[in-house]
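**Q** Listed below, chain by chain, are the residues.
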Amino acid sequence: MAGAAPSRLVGGAAARPPSAPTEPPWVRRLLIAVALGFLGLFVVVPIAVVIDQALSQGLGVYRRAVTDPAARDAIALTLKVAAIAVPLNLVFGVAAAWAIAHFRFRGRALLLTLIDLPFAVSPVISGMVFVLLFGAHGLLGPTLREHWPGLTIIFGLPGIVLATVFVTFPFVARELIPVMEAQGAEEEEAARVLGASGWQMFWWVTLPKIRWGLLYGVILCNARAMGEFGAVSVVSGHIRGRTNTVPLHVEILYNEYNYAAAFAVASLLLVLAFVTLAAKRLVEHRARVVDAAPLDAAPLDPDAPAARLVPTEASP
Amino acid sequence: MTLTITSVGKRFGGFVALDDVSLEIPGGELVALLGPSGSGKTTLLRILAGLEAPDVGAVRDDGADLVGQTARARNVGLVFQHYALFRHLTVYENIAFALRVRKRPKREIDARVRELIGLIQLEGLERRMPAQLSGGQRQRVALARALAAAPRLLLLDEPFGALDAQVRTELRRWLRRLHDELHVTTVFVTHDQEEAFEVADRVVIMNRGRIEQVGRPGEIFDHPASDFVVRFLGPVTYLPPGVGGDRAYVRPHDLELVRAPGPADLVGTVVRVTPLGATARVEVAVAEVDGPIYAAVERRQLAALGLAAGDRVGLSLRHARALPSTAPVAA
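So the sequence lines, in the order shown, correspond to chains A and B.
Each residue of the first sequence is one higher than the one before, starting from 0 at the first, in numbering that gives the first Met the number 0.
Each residue of the second sequence is one higher than the one before, starting from 0 at the first, in numbering that gives the first Met the number 0.
Next up, chain B with everything else stripped away, as it sits in the complex:
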């Protein structure tokens, strides 16, 4: 299947949630919709799920119109942000739901549910109620429930948002592997760019109801299409004209710190040093640049430099990135 979204628009009262959004998702792909809250990513997901109807535009699956179809005919799996498990049903019955409403034979339902419980590795917990599961377990039950009727499209709304950091990383990898095994076309919504870049084949960056850029993670990072994308991908410093090129910016890991005085592209004062695991974030104030510059420095190197707040420091550019030519430079 190839999912084609053509010029979709959606308003809620005066709020424009989606504005002329077009996107093509080839079968078997894992796509992330990435954007800040209010960017329209969840609305787009809900339109794909059939929970909202677009005001204008079309959603087609290999040319067949999806918008007018009933949820059952559409056969889409959706994992809600807070899972929305049926709290009065056991793990087993939650997963069986899509098959029960389709009145499948008991034996088939049982076989399918056991297969899925094996897939999510929750054997032995079939009789538990959702309230008796941990967050990560609920998440997997929600995924199994969505997969039960073998959907042609799997949708996930902030699938890892409500989990703690450790479980999140593990589930992320697990989802990626699951997708590689099942090859079901998958769209997930996230506001976390690390998550999107780690898991997805392609990332769709959204802002204010529009698509800013679509591309593979490396592609987007190296060639951001707009100023918004540049900023959205993480801390960024816009360089003054003449430094590193005509219109250039740097990211924290593009900077090297050198003890001043010495050969450097910029010279400033250390404001704060924040240790963050293997690296430290050094905040530097530079006269030519508005706002602080952040540099990511390895801890060992930081120790060798012996930097502390108040020290003069030189910044040399390892790599300066050119701003997208279409985007206006934000002062």
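In isolation and in its complexed conformation, chain A is listed as follows:
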């Protein structure tokens, strides 16, 4: 799923009109019915259930579930984790994508493969890796406790951030690599020759070039960072009011048979999903309108033929 996403911004520019249908009508109807039926069964019905359950005991219960101190703490922690993890992955993603798109170096293929690792590994394993590294009996845990006695990584905010960063780091890089490879580095070279410093080149040329791809990656990264359950569940310890994120809070409420409250809090994640989808659509649309026209394929302007604008002697 995540592997297919990056190509959309690049390929979007060349969206082809649908070809004339050649399949017999019943085949088309069948395919459409299968697609819609599947979507209904696996997406629409569950969403409806979430909303129905969330409101099953009235708006009052819903409001109380969402504004409950434990829920508020979970929301605050989720926002805090995303606010740390997303910028970190933004910096890493831009750096990694730049290196992979513009340089040929030893280990490039390895880096490209490793970026996909979090997609390939179960999130639970990702969480366990950090427990094994930083836990009380882990590889680095005892050493760290010796030097920074007050620092808790596992069952604390740092552990949750680490696990979230690990799980979400492919999004920005994966999104940017095809965008940067398609755009090449010629504009950056032009900027250098025109006298731009490294920072000027990045802020004035590179960033505007990749902004839509970058925003798209950040949106996906953010959605995953806020919704991540598996890895965070392993490292957090589920301490209410301290290490509980929104998805973990939903699980706790559910395990306590507090269904209405669990679905009420879950509906917040649903809202996040809708906002993400809307933002994604908007970015895709903007990217197509603003950056789509590749320079070489622009039509000649019939009102301003170069022949009239360029002074020439009488043609022989």
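Think of the hints as simulated: they come from the structure by calculation, not from any bench.
Just so it is clear, CB atoms sit at the ideal spot from N, CA and C, and this is done for glycine as well.
Treat each hint with caution, since some may be false.
Stated by the list, open to error - Result set (DSSO-like, lysine-lysine): computed pairs, CA atoms no more than 27 Å apart in a straight line:
| # | chain 1 | residue 1 | chain 2 | residue 2 |
| --- | --- | --- | --- | --- |
| 1 | B | Lys102 | A | Lys208 |
| 2 | A | Lys279 | A | Lys208 |
| 3 | A | Lys79 | A | Lys279 |
| 4 | B | Lys105 | A | Lys208 |
Unchecked claim - Have a look at the derived ranges for each label pair, beta carbon to beta carbon:
| # | chain 1 | residue 1 | chain 2 | residue 2 | range |
| --- | --- | --- | --- | --- | --- |
| 5 | B | Gly123 | A | Val42 | 47 to 55 Å |
| 6 | B | Gly26 | A | Glu185 | 25 to 33 Å |
| 7 | B | Gly123 | A | Ile50 | 49 to 57 Å |
What the hints assert, rightly or not - To give an idea of the interface, some chain B residues facing chain A are shown, with a C-beta separation under 8 Å as derived from the structure:
| # | residue |
| --- | --- |
| 8 | Ala48 |
| 9 | Arg71 |
| 10 | Leu77 |
| 11 | Ala83 |
| 12 | Phe96 |
| 13 | Ala97 |
| 14 | Arg101 |
| 15 | Ala148 |
Assemble chain B onto chain A, guided by the hints.
**A** Just chain B now, with coordinates in the frame of chain A:
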């Protein structure tokens, strides 16, 4: 300024892009680097622009070393083959870029950009984005952008390569006139010999990372220094020994066709007649010569001769050129 390139070499892995290249470019000159692809001409241009560093050798400007200088200190204008305009910036901002990064005052930037837009005659298009311009217009914006910071050296990489034939010819003349007005030392890369000969003061012919010959266009055409140059300048026929001199060659316009039988230097059979505007290209097979001989014949004369494929025809030499003495004759 006089640009001096001394024994410059550059490799990319196992590929030798430049091999011991030395060249002097006096200030104000318009020089063409001419050669087939892979001849090293673009690498040399990129070294002058500071986008590549030479492995060995030096590039000096009036004795001052250029290689170690930053792009800003070097102050070179470069027009890329595909222009590399900043696609998210307007025509105005593209041209202003070199001044903005140098943090020049707003009023100065505005005056300079307006002057350049006047020079490239794109008044009224300041707010357009690059994607909304035609190829020829983009090319001129790229040129104005390169000229904005008043570079001491202007470099152009295949400046007319991506344009259609008509626009290309016009821009070619325009560039020549622009150079005559501005007198900025200019180096451009091309693989099109007609382009190089029409525009440049001096032509540098490159092949496999080396310079084959440097000279004024007429000089090179009349006295090619090597067999490579002879071939590179256009269709050529090497004459058999004894015809037209000891080691001689002819170009299509050096040949005259006469109806056989008659007094002629060579006799052959017409293979194909290809009309090309005012002249026609006649392909003739001659027993003494390997491969076809091409003759350029005026259309009117062709009609008078009434030649068609299969006819016997005599070739008489208007002008036979001696091969460069150093070059081995290609069989």
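**Q** Each hint: holds or not?
**A** Against the structure, the hints come out as follows:
1. Lys102(B) x Lys208(A): 22 Å, holds
2. Lys279(A) x Lys208(A): 18 Å, holds
3. Lys79(A) x Lys279(A): Distance of about 22 Å is within 27 Å: holds.
4. Lys105(B) x Lys208(A): Judged against 27 Å, a Cα distance of about 25 Å means the pair holds.
5. Gly123(B) x Val42(A): 47 to 55 Å: 52 Å, holds
6. Gly26(B) x Glu185(A): 25 to 33 Å: 29 Å, holds
7. Gly123(B) x Ile50(A): 49 to 57 Å: 56 Å Cβ-Cβ, so the 49 to 57 Å window holds.
8. Ala48: 5 Å, holds
9. Arg71: 4 Å, holds
10. Leu77: 5 Å, holds
11. Ala83: 4 Å, holds
12. Phe96: Holds, about 5 Å.
13. Ala97: 4 Å, holds
14. Arg101: 6 Å, holds
15. Ala148: 6 Å, holds
Violation of the numbered hints given earlier is absent; every hint is satisfied by the structure.
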